[in-house]
Amino acid sequence: MTSQVSSPIDEEHDPAVAGTREVPGTAGGQRAPGKETRRLERVIIRFAGDSGDGMQLTGDRFTSETASFGNDLSTLPNFPAEIRAPAGTLPGVSSFQLHFADHDILTPGDAPDVLVAMNPAALKANIADLPRGAEVIVNTDEFTKRALQKVGYPASPLEDGSLDGYSVHQVPLTTLTLEALKGSGLARRDAERAKNMFALGLLSWMYHRPTESTEAFLRTKFARKPEIAEANITAYRAGWNFGETTEDFAVSYEVAPAAAAFPPGTYRNISGNLALAYGLVSASVRSGLPLFLGSYPITPASDILHELSRHKRFGVRTFQAEDEIAAIGAALGAAFGGSLAVTTTSGPGVALKSETIGLAVSLELPLLVVDIQRGGPSTGLPTKTEQADLLQAMHGRNGEAPVPVVAPATPADCFDAALEAARIATVYRTPVILLSDGYLANGSEPWRIPEVSELPDLRVRFASGPNHTKADGTQEFWPYLRDPETLARPWAVPGTPGLEHRIGGIEKQDGTGNISYDPANHDLMVRTRQAKVDGIAVPDVVVDDPDGPDGPDGTRTLVLGWGSTYGPITAAVRRLRRAGGKVAQAHLRHLNPFPANLGRVLSGYERVVVPEMNLGQLAQMLRAKYLVDVVSYNQVTGLPFKAEQLARAIAELGGVSDLDAAGELDALGEQGRSKGQERTDV
Amino acid sequence: MSETTTNGTGPAAGGLGVMPLSSARSLELVPKADGPQSAKDFKSDQEVRWCPGCGDYAILAAVQSFMPELGLARENVVFVSGIGCSSRFPYYMNTYGMHSIHGRAPAIATGLAASRRDLSVWVVTGDGDALSIGGNHLIHALRRNVNLKILLFNNRIYGLTKGQYSPTSEIGKITKSTPMGSLDAPFNPLSLALGAEASFVARTIDSDRKHLQSVLRAAAEHEGTALVEIYQNCNIFNDGAFDTLKDKVSAQEAVIRLEHGAPIRFGAPAEDGLGAKGVVRDRATGDLRVIDVTVEGTDEVLVHDARAASPTTAFALTRLADADTLHHTPIGVLRDVSRPVYDTQMADQLDQAVQQQGAGDLGALLAGNDTWTVAG
Ligand code: SF4
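Chains as they are written, first to last, in this note's numbering: chain G, 1 to 682; chain E, 683 to 1058.
Simulated from the structure, these hints should not be mistaken for lab results.
Errors might be hidden in some of the hints.
Stated by the list, open to error - Covered stretches of chain E, going by a simulated chain G footprint (3 or more residues, C-beta under 8 Å):
# : region
1 : 773 to 780
2 : 791 to 799
3 : 968 to 980
4 : 1004 to 1012
Ideal Cβ positions, reconstructed from N, Cα and C, are used throughout, including at glycine.
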C-alpha cells in the first residue's frame, strides 16, 4: 500500500524548454524480477535523526545521486544551532528534506511523501508534517523504553496504532548495519555509525538512484582511513541489497530525469553559499582585482569563508578577523588598496559593521557586505531562515547613508547576484549589501554551469593622473571630482605617483575632498551621495502575467516578492493559475534602488500582495515610496513558506475570485493525495 | 581624466603594478623614491589645526623630517588613523592617507598591509583610540604581526571630546567625567603590548626629537608590527603630564634610557661616567629593581637585550615606572625580535597554492567534478 501515485499528465512542463538527457547507468546490481517498479513524477523525502546521526551528509549524498541522475531538485536542510544537542531529544533532531521530480520544481516541497526516522525523537518531531498515507521508515533498534520516555511517548507509536494511517516500514537499521560489518574488525561504536549509509543504500534502491558517485565519495572522504571507507561502502551496499531482498519493500520507484526542465548545457548541483563564493571568485577574475575577504565566523555565513579560503591559487586572500568590526575594517582597507573587498556575515554581524559601512559610504569605496540572514532579533534562530534584515540594510546607519541592496532569488542565483553586487560596487564606488538567507545558503538546486566568457565584463578603471587644472595652470588630483554619468569618484590606489590624497569620515568639500564643515557643502554632499545611489542603473522588474492587466477580464492581482521567497511564491502562483485564477507575479532583485518601472507596475493592479518572511518590511518601503496600499502576508517561523499555504493566502488577500470553484483550490492542496489524484506540485 | 583599466582575465594581471615577490624583506618591497627627499615633500597643503602648543606638532615635524631618511616613494606610504586629536595626523602628511573611525585603524591598516606588501603602512592612534574603543584591534594586530608601524600618542586624557579621563589616566584623576576622581586603574600600554605577543615595543617622548627619530628608525626597519608609544603633551586638558620626564634635573632620576647591549644605568653620573643608578635582577624574586651602583656592583647591572627571545625582562622593565610619578620610566626600544610576519606568510601561502595546484582556472572551478549534460 502506498500513497505515491503518479499522475498521467504533467501540467508543469514548459513546452518552450526542451532537451534530451544522457542518463548515467543505474548501478548497484541487478534488480530481482518480481518486484514492482512504479513511475512517479516527483517525491519528497525527509531524512531525520539525531544531530550525531549524519543526516545532513545522508541528505547531501542522496541529493548528489539525484542531481547526477538528472532530476530537478530542491533541498531544505534543517538542523539545530547546538553542534551536539543531547542525544535522542527533540531539540537534537536534525533533518534534510529533498524534493525531486521529472519536471521543473521550485521548492523543497510542502509535506514529505517519505520520512526516514532514525529514532523516536525524529519520528515525533516530524510526523505531524506528513500527510496520511505517507511512508515512514523507522529504525526500530532505537525505539527502546528509555528513548521513548525521553521524548514523552507513553507507549511505542509503532505498537499503539497511532501510525495506522501511514505505511510504516519497521527496519532494525542498527542491527542490520552491525551484521553487515561483522567481519570488518571495527569497534561496535564505529560500525554503528555507518547506519546512515545503510539507510542511504535502502533509499537509493527504492528510488533507483545511481550509486557510483556515493561510493567514490566515501573513498575520497575517508582516504586516510580506508577501513572506515570500506565499512561505509559495505553498509551502503547492504542497505541497497536489503531493499532488494526483503519482502517489506515490494515496490521501488522511478522518477525520470527532468529532461524538459533544463535548457541544454552542463549542470551541477549547487548550494547558495557555494554559488555565492563562486560568484565572488568570478567577479575577481572578471574585474582583474584580487579578492580580499575579511570575515568573522557566524552561522549561516561561515561556509563562504571556508570555501574562499580554499581558493588561494586565484589570489584570494581570506582574513579571519578578531571580530565583525575588524572583518569589515580589513576589507575596507583592502578596498582602499585596490582589492575587490568583501565581508561576509549574518544579521548580528551587520549590526556591528554598521559604522564601517557608513565610513565606506563616506569614503565612496567599493565594498561588498554579504548578509546571510537568519532569524532575529539578537542571536535569534542562528540556523533558521528569515528576511528581516531588509530595513537594517536600508537604514541601519547614522546619518543619510544610502547603500544599494541586492537579493538573490534561488540558491543558484546567488552566483549572479554576487556578480551584480560587484558590478554596482565597482562602477559606483559604493558599499553594496547582498541579502541572502539561511534557506538559500544551505538549500541547493541544479545549476547550469556558465562559460567564463558569458560572465559580465567587470574591468574597472583606476585613476592614473591628475584630473583638475588649477587657475595657475598646474595640474592636481581631486579625489571627489565625479564622473558626470555615474557620479562615482575616482578610485586612486596607493602606489600611484602624483595622486597622493587623504580621505576620511569627516565631511569633505565637493571635488577637492578636503575637510569641510560648510553647511551648503554638506547639504550638497548628502544629496549627491543619495543621487548617486538613486541613479544606479538596474534592470526593469519583469512581470509574469499571462492574461495582462488590461480589459474587463484582465488580471487584478499582483504578487510581489524579493529574495528567497521566489520558489514558494512561483509555486503558489502556478497552483492558482491551474485553478483558473488570474495572478500576475513579479520578483525584486534590486531593493535599492528599485527598478525604474516598479511604480508603474504597482499601479497597474488593483491589489498587490507582498509575502515576506518578516513583518512587512518591503511592504513598508513600497507604501512609503509609491503610496500604494499593498497587502502584506507574513510568516516568521524560521522556515520558508509552503506553496499551498501561500496559494490560499494570495487567493484570499489578493481577491483572486475567478478560481474555477472553491473546491478546486482544495484539490491543489495536500487533500489531493487522499483522493488518489496526485496533482503535480511545484 | 587619465585612467588605467584593469585586465579582466584575472587578478594576477591586475592594475596594481607588479605584485612583489613574497618572502622578501618587507621594506625591500616598497619602491624607492627617484631622488633625494626633504621634510617639505611630506607636508600636505592642509592647514594644521591642533591647539597651539600641542605636542602633536613636534611629533608631526619629527615624522616629516624622518621620512626622507627612509627614501621610500611617497606614493607607497600610507598613514591610517582612527578618531581623536592625534588621528588628524594623516591629513598633514603628503602621502596616501585615511582618517577612519574610532578605534578601527589597526584593522583597516591590516587589510591594506596584508593585500599590498609594496606599501609602507603607518597607524596613528591615541590612548583612547587604541586602548579603549579599539583595544581589541590593537592586541590582535600585535599578535598577528602584520607589517604595520603603530604610533600611539599617549597624552593620558581625551582631548577631542574635551577632557575626560582615558584608559591611561592615573587613578583619582579629576576630570569632567570624574569630578571626585577616576576609579579606573590605568593600562600600561607597553605591558599590554608585550602581553599581546608584540614583536616590537618602544617608547619615546614628543619633545625629544632625536630620540623619537631613532625609535622611528628602529620601528621602520622592524619586520612585522611595531608599537611605538609616544608620550605627548596635551597642553589644554592635561598640561605637564610628562614634565617629570622632560625637566633636565628630574629626568635624570625619572628616565631610564634603554640601549640594546648597554648596561641599564641612569641618574646623575657616577665615577665611571655612567648613571649612578642601575637596574638589577633581584635574586630572590627574579624581579627587577633599581639600585645605587657601587664600583663593585657594576657587574650586577642588567645589560639591555631587546632581542631576548623571552619577553619577561622587557615586561619587568615596563613595570619599573610608577604610574603616578612616572619615576623610572624606561624609554627606547624594549623589545625587537623577529618572528613570522602575517602578510609575508599570507603571500607565501598564495604562491604555494599556485606552485602546488597551478594558477586558478575559473572554468574548471565552476564546473567541479559532479556534472551532467543536457543535450540540445
Ligand atoms: S586638545 Fe590637547 S591633544 Fe588635542 S590638539 Fe589640543 S592640545 Fe593637542
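Taking the hints in turn, this is what the structure says about them:
1. 773 to 780: holds (count 7)
2. 791 to 799: holds (count 8)
3. 968 to 980: Answer violated; 0 residues pass the 8 Å Cβ test.
4. 1004 to 1012: violated (count 0)
Hint compliance for this structure: hints 3, 4 are not met, and every other hint is.
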